[in-house]
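> Residues per chain are reported as follows:
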Amino acid sequence: MSDQRSLFHQQVYQPDFLDPKASAIPTFSLLQQKGELYPTAKAPDLSKEKALKIHDTFLFIRALDERMLASQRQGRISFYMTEIGEEAADICSAAALKPEDTIFAQYREQGALAYRGFSVDQFMNQIFANELDLGKGRQMPVHYGSKALNYVTISSPLATQIPQATGYAYGLKQDKKDQVVICYFGEGAASEGDFHAGLNMAAVLKAPVIFFCRNNGYAISTPAHEQFAGDGIASRGTGYGIKTLRVDGNDALAVYEATRLARKIALEEHQPILIEAMTYRLGAHSSSDDPSGYRSKAEESKWQEQDPVARFRNWLIKQGWWSQEEDEASLAKHRKQVAEAMKKAEKLPKPALDTLFSDVYDELPWHLEEQLEEAKAHILRNPTAYPATAGRLVK
Amino acid sequence: MSDQRSLFHQQVYQPDFLDPKASAIPTFSLLQQKGELYPTAKAPDLSKEKALKIHDTFLFIRALDERMLASQRQGRISFYMTEIGEEAADICSAAALKPEDTIFAQYREQGALAYRGFSVDQFMNQIFANELDLGKGRQMPVHYGSKALNYVTISSPLATQIPQATGYAYGLKQDKKDQVVICYFGEGAASEGDFHAGLNMAAVLKAPVIFFCRNNGYAISTPAHEQFAGDGIASRGTGYGIKTLRVDGNDALAVYEATRLARKIALEEHQPILIEAMTYRLGAHSSSDDPSGYRSKAEESKWQEQDPVARFRNWLIKQGWWSQEEDEASLAKHRKQVAEAMKKAEKLPKPALDTLFSDVYDELPWHLEEQLEEAKAHILRNPTAYPATAGRLVK
Amino acid sequence: MSKMNLLQAVNSSLETAMQQDERVLCFGEDVGAFGGVFRATSGLQEKFGKSRCFNTPLTEQGIIGFALGLAAQKQVPVAEIQFADYIFPAFDQLVNEAAKYRYRSGNEFNVGSLTVRAPYGGGINGGLYHSQSPEAYFTHTPGLKVVIPRNPHQAKGLLLASIADDNPVLFFEPKKLYRASTGEVPDEHYLLPLGKAEVVREGTDITLVAWGAQVQVIEAAADLAAEKGISCEVIDLRTLLPWDKATLVASLKKTGRLIINHEAPKTSGFGAELAASLQEACFLHLESPILRVTGWDTPFPLALEKEYFPNALRTLDAIQSSMDF
Amino acid sequence: MSKMNLLQAVNSSLETAMQQDERVLCFGEDVGAFGGVFRATSGLQEKFGKSRCFNTPLTEQGIIGFALGLAAQKQVPVAEIQFADYIFPAFDQLVNEAAKYRYRSGNEFNVGSLTVRAPYGGGINGGLYHSQSPEAYFTHTPGLKVVIPRNPHQAKGLLLASIADDNPVLFFEPKKLYRASTGEVPDEHYLLPLGKAEVVREGTDITLVAWGAQVQVIEAAADLAAEKGISCEVIDLRTLLPWDKATLVASLKKTGRLIINHEAPKTSGFGAELAASLQEACFLHLESPILRVTGWDTPFPLALEKEYFPNALRTLDAIQSSMDF
Ligand SMILES: Cc1ncc(C[n+]2csc(CCOP(=O)(O)OP(=O)(O)O)c2C)c(N)n1
Ligand SMILES: Cc1ncc(C[n+]2csc(CCOP(=O)(O)OP(=O)(O)O)c2C)c(N)n1
Ligand SMILES: [Mg+2]
Ligand SMILES: [Mg+2]
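Residue numbers (the working numbering), protein chains in the order written: chain E, 709 to 1103; chain R, 709 to 1103; chain C, 49 to 373; chain H, 49 to 373.
Just so you know, the hints here were simulated from the structure itself, not pulled from any lab data.
Some hints could be false.
To be verified - Computed cross-link-like contacts, SDA-like style, restricted to lysine to any residue with a CA-CA straight-line distance of at most 20 Å:
no., chain 1, residue 1, chain 2, residue 2
1, E, K914, H, K354
2, H, K354, R, K914
3, C, K302, C, S279
4, R, K750, E, Y721
5, H, K354, R, L1080
6, C, K244, R, G743
7, E, K1084, C, S279
8, E, K761, E, W1029
9, E, K884, E, A932
10, R, K742, R, L760
11, C, K354, E, E1054
12, R, K1055, R, Y746
13, H, K354, R, E1081
14, C, K276, C, H201
15, R, K914, E, W1029
16, E, K885, E, L840
Bear in mind that the values here come from a model prediction, so they are computed numbers and not experimental data.
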């Protein structure tokens, strides 16, 4: 307890206001678009196997996003969100962690989940909210979660996962586990009060959590310069006493290396880390959004030229680990698998009526028992009005 | 709209995490404890009249705090909060503003209100929650407010005033007023989500508001180092893109000058400013608190030697504007006035029954009309149970 | 008069208000140039400039705190919360601050000019977090008003009245109806009264009450009941706080039976307050217990939305059991 | 067995829980070395170390968010909110997150081990912001449990049960009773059942129900009524969500009359839910309308706290008018 502030700070006798414009935080980069390292850059220690797994995940996510967006357009699903343009950020950060490390995601990090091993069927079951969905068909598409894969189920309210990630990481420390938490969020979500609470508490309580901000330029239609006036999100880190790095989010190698180091520091020094990945949301915010209302095609194509997947592929090819032909074949394979899985998932029935009432509590209290019975009786009296559930109810 | 972030940031090829420990923000100071300026320091342009008004407010607040704390000990009032040790922070910042500028306070800034001209009777009426209290006896002691003096009524929930101050300042800008808002808060309150929201919004929406943090080392029993791990509150300012200054909060001249400049920048450049005043809460958190449970007398006396009131008096005497004798006489006068005002206020009746129901809405809706009638009838049936209100009800 | 859907009526209401009073400001997430995710503020930035209609950073507590400061300074803020499901981060600013501003200051300061708009309710495949009906939480908060329109004409008239009212008003818009149908709406300024229910259809056997999108549900139930020879009086509450007890009491004294319908979960929903108050006020007139047809006591589901929804069929069940009592 | 006041019983409960299970963690503002502003966590940091009992930064939304993360990781967090009046910044984390964690994940994750403690209620000259009784807000939230003890023995047994329960529990402590009186409390671990009301006193003419500090108010009213020859059955609800309808129905079927007493404002207070449910369940048994004696629909006042308070006299008025109906 008691005051540990110094009584005798360094003094100045001129009222020089700190000017936020005076300095800018640089961006850690390794890989150029053509697949060459920057002149003095050093490639991280990344095995061929891992590099190919990363790239395979890139291609799977491209296939998934492409197909699901199309399905939404066809009216087969109600909603979807792509992560096109940002794959390096979530996938390469996830690749730099151990499978035991826990992931708190926002919603645009299906790549991290795929890297962990969530199967195409599992994706489809969630998206189609069928009876095999781990989430029991209760949430909108893309709200994945898997206990087995240490990927905490996504919730729509923004930034709520940030202080939760801090608490989870504190719990790991209590258990003396050699594990960290990674917490993803957008530069928009970083405006929420929960961001402030989560980072400050992590710094004070020394929780081993990596805060990973995807600064992709937009929160729906709101551009970053209407979201904050400082130097991005990285400029907030030191204010909390958190070691911070800005990284090129479209640079698979730099993201991997930054996260690998962050994990090391977080564990060894029992402290949080902030990484800001500079990237761009190439697609619409979601299938409900149309970006042409708030940005130009020219802007988009400027960023298209920075495509993280192409950049990494170029590097892989230069390494002699991959070829254009293999790439096309692999993408085709993923496309086929996604299409097949979709057809399967689409046909599965919705979850049964009792899933409407289960999991509100650990057990059904009397009032939910009553309501379940009331619902059952009502549906049995009016089966045609409830095609999804009526047939499966036993009288 | 659209993305204004640069595609081509300054790049680095080494993952050097920004280390928050690498630099410390210095403290702007002018006056030494003995009343002399620091060697190269320049006194602000402060008239004798204003300087004496500041000092008079210092002495009034000392007299007020001393007497009210004693009254609480005697059971004459239920609660009180002193600002001893922090008078220079709020009073000299208020002195650097114009009376038209609006003040959003936390609760430990009675000095700013006294400087504005809140009378000793007005203080007493609020503290005793009598029928002349501007607040109609509805809030605990020290929750002052005055429309006439542009001092927004204090509310207990911490930090809620911060985004409100931003909105108020935005409104002033809309009205093209040459006015600013000052918003006081403690280093503890700065952990709330509302702090984050208020500062970020002010920076983005360019609101002319001075955020004035009293970093007094404690939030009740919680020392600053269990509140945050960064370099105080000042280190957060630049993260929001806000010009920031740390000032010695016990240095009347430095606080005055810092605030005067902040006001100028806020108005001329349409932007918020953050000032962190380093000070110390010499007294208990409130009359309900006993600091001996969490800090040492030794620590307190170290700070007692930094008494801002003594420091400023020393300067005034060195200026030839004031003397020890005048000081004693003035303090005695204030003590007497406080004691007299207290006796008067104590005798005044509580607000009448209808103030229990008025001001919930602009007018009484039907249900509050009914409840008022019900309450009246009940009290008239049981007058002895309601001594405060029964006698004043007309049957 | 123009044909407008509910969304256009909201937009027209905001435009009319901003035209009339230059102190009216509209803001929130994506509210500016883009015109809001539902496009309720479409065109307003163009017409009135960036200083009066603008995007805020993504922080609901900040949006409402900021709005309170504006209101205290005597601007007329109309803040949008993108979905009612996201109003909870602002709960403290609404319940501890907005609701108590005037009271705690002895009327030295007030935020009566505040209006908060939020799309609410289910029916758009929104699942847990794009479907909630949180109105009941706010009805337990003295100092707030809670208003919910059911059609375009009401949306404009009640929103203008909310903006004009000198108390903080929460205005929940049934988003499922945003584009569902159109109606005639005056182009000019007009007010509908706050605190007044509307008897949508007169009847003699039983009273049905709802608000917002559920009014069409009880109307449909009334149609079904009519086929069975039951005459329903249909009431749209319109304002939940303070609510129009007199109209309900009058109806109940006539019919002796009452069904309340709301989409929010049953326990401590606003139906509870209505039932509690009205059983007291009309005890001797009641022919059967007051029944509530509501969402179940679960979070709002996705795949089983239909099974959750307090629809006309379930309302008809309740009507029948009330009549059979 | 020891003589303890309610505060000591809370402290003993926390100590017992921490002793039993090293995953139990206590934290909140000033909760650490200082032991909390009311001293409920006094001595715990000394006994169990700084990593298990500690101060947090001053952010209620952070405290609850942090606690949810801990709970998801299978620690057993007992978070303190310094005053129930300050729980609102955490409303989103409680209502949108804690309450829906298990449901939305299909039980992949849950935060059932969470307990949130908060002193609530008036009677300490606290005015608007140190007196509120916000329990009703949470009863409209499926997924939460709400528990309120009325004396030291209950405080320990119900708090231990809340900590043991596999659902997020809000535990509101009547701070006015913290030091008001003492009672015998077992030193060891024991559980009182959640979801079960307690019939404190049997009676035949009328049922009175309350919870927390208001139970002593209805007991006092029952004493006054007894002088007039009216026999009151007095029930302490103890758990508000899910509440014990069976006990209330049984009592009401016996007495035919019911008075509900709570300190929170009337409109949409939890009394509304009780009245709404019970008029339905006991319609044919009711001899008179169910009445609510509550705080007025105003913020909690200071100077006129006595006039606001739903005391025994006002309860007696209601008993009388129910009997006279
Ligand atoms: C608390 C809350 N407020 C508002 C929303 C609506 N909303 C969903 S996504 C979004 C933008 C988020 O932007 P950002 O954090 O930058 O992530 P990105 O979409 O760019 O990946 C908004 C406003 C929400 N989900 N939760
Ligand atoms: C939202 C909220 N949470 C908790 C409290 C209880 N509380 C009152 S003062 C205080 C400490 C504030 O510390 P700080 O902001 O540093 O101001 P100081 O007392 O040092 O002037 C706390 C925790 C409160 N009033 N509001
Ligand atoms: Mg973004
Ligand atoms: Mg402090």
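> Each hint should be assessed against the structure and marked as holding or not.
Evaluated hints:
1. Between E/K914 and H/K354 the CA atoms are separated by roughly 47 Å; this puts the pair beyond 20 Å, and the hint is violated.
2. As the CA atoms of H/K354 and R/K914 are separated by approximately 46 Å, the hinted pair breaks the 20 Å bound.
3. Pair hint C/K302 plus C/S279 holds up; C-alpha atoms about 12 Å apart against a cutoff of 20 Å.
4. Between the alpha carbons of R/K750 and E/Y721 the distance comes to roughly 8 Å, so the proposed pair stays at or under 20 Å and holds.
5. Annotation: proposed proximity of H/K354 to R/L1080 holds, straight-line Cα distance about 14 Å (limit 20 Å).
6. Of the supplied pair hints, the one linking C/K244 and R/G743 is violated, its CA atoms being roughly 67 Å apart against a limit of 20 Å.
7. Taking the CA atoms of E/K1084 and C/S279, the gap is near 28 Å; set against the 20 Å cutoff, the hint is violated.
8. In summary, the hint linking E/K761 to E/W1029 is supported, as the alpha carbons are separated by about 12 Å, within the 20 Å threshold.
9. Between E/K884 and E/A932 the alpha-carbon distance is near 39 Å, which puts this suggested pair outside the 20 Å criterion.
10. Straight-line distance between C-alpha atoms of R/K742 and R/L760 comes to about 18 Å, which keeps the hinted pair within the 20 Å bound.
11. A C-alpha spacing of about 19 Å is found between C/K354 and E/E1054, which places the hinted pair at or below 20 Å, so the restraint holds.
12. Between R/K1055 and R/Y746 the CA atoms are separated by roughly 50 Å; this puts the pair beyond 20 Å, and the hint is violated.
13. A hinted pair counts as satisfied when its Cα atoms are at most 20 Å apart, and H/K354 with R/E1081 qualifies at roughly 16 Å.
14. Distance hint between C/K276 and C/H201 is unfulfilled; the C-alpha atoms sit about 31 Å from each other, more than 20 Å.
15. Of the supplied pair hints, the one linking R/K914 and E/W1029 is violated, its CA atoms being roughly 52 Å apart against a limit of 20 Å.
16. For a cut-off of 20 Å, the pair hint linking E/K885 to E/L840 is broken: about 32 Å separates their Cα positions.
Hints 1, 2, 6, 7, 9, 12, 14, 15, 16, counting from the list given before, are not met by this structure.
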